[in-house]
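Trainee: Just so you know, the protein sequences line up as chains A and B, in that order. At position 61 of the first sequence the residue is numbered 223 (the working numbering), and the sequence of numbers has no breaks. At position 106 of the second sequence the residue is numbered 555 (the working numbering), and the sequence of numbers has no breaks.
Treat the hints with caution; some may be incorrect.
Claimed, not checked - Okay, the calculated bits of chain B under chain A, using three or more residues with CB under 8 Å as the criterion:
id, segment
1, 451-463
2, 482-494
To be verified - What follows is a list of derived Cβ distance ranges for each label pair:
id, chain 1, residue 1, chain 2, residue 2, range
3, A, A295, B, R558, 29 to 37 Å
4, A, A295, B, P475, 34 to 42 Å
5, B, A473, A, L236, 22 to 30 Å
6, A, Q168, B, D528, 46 to 54 Å
Hint data in this document are derived by calculation from the structure and do not stem from the laboratory. Note that CB positions come from ideal geometry on N, CA and C, so glycine has one too.
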Amino acid sequence: MAIALQYTNVTVADVDESIVFYRDALGLEVQNDVASGNFRWVTLGTSAQPGLGIVLSEPHAGRSQADGDAMQELLVKGVLPMLVFNTDDLDATFETVRASGAEVLQEPIDMGWGQRDCAFRDPSGNMVRIAQAPAP
Amino acid sequence: MTPQELENLAHLRRARDLIDREYARPLDVPTMAARALMSPAHFSRQFRAAYGETPYNHLMTRRIERAMALLRAGTTVTDACMAVGCTSLGSFSSRFAEIVGMTASEYRRREHHAVEAMPACVAKTQTRPSRHGSSRNEEAREAAPA
């Protein structure tokens, strides 16, 4: 039995603003854009990991007002779970994302066990970490 | 929340990020408040309402969390104190004992198998000492004298 992650959801304050970050800065491709009522669910992915969709939606999308309000507050406070990406060129990725104007949380540094990583806030306040495994 | 309240919350987040990033510098509350575009008194109240502790306590908790990582790696207590931005060994030591529940030298001597297996960004949240009696920092609590 093989099992793999197919979709992961990221809550964002504004879908269009976030597409600019995830597509133009991180280099993901928009694969799907579905509207329902006043909300949209935008799926992005990468050819480096076919079959995995990262779905952006807003806090109140598909939720009650109270639940959406709670999600929105956690999002803006910056305490929702982080996303961790992997790249084969951390320094180039860092420069591209920084040049897009994203808030830098941490420049690339070597971690204790050989991996390097850096961290940003996406435009909504989600922590996005980017790692590079040590060369084999 | 109103758009203004959300904007203020985002400013508080940026100030909190500043603390987490620049903890080793001599940060004071007016500097943090400036990042949040608020007066120091208003900033302290708002920060505490949002994150459950004052900005200064958040800074000290961050410093102690980083000091714990250095102590686990074998750094001396004095070097760890200076490396995280504390200038007084005495106040560092008492703050460490208050938050972690044991002295810095006791903590340094202990074994830390579970934390060594964690990525640093996970260890940061999992080992972050807490004043709120949460489930964090079980490693220290288990070892605290009864």
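Trainee: Each hint: holds or not?
Mentor: Outcome of the hint check:
no. : hint                          : verdict
1   : 451-463                       : holds (count 6)
2   : 482-494                       : violated (count 0)
3   : A:A295 <-> B:R558: 29 to 37 Å : 33 Å, holds
4   : A:A295 <-> B:P475: 34 to 42 Å : 36 Å, holds
5   : B:A473 <-> A:L236: 22 to 30 Å : 28 Å, holds
6   : A:Q168 <-> B:D528: 46 to 54 Å : 48 Å, holds
Consistency note: the structure conflicts with earlier hint 2 alone.
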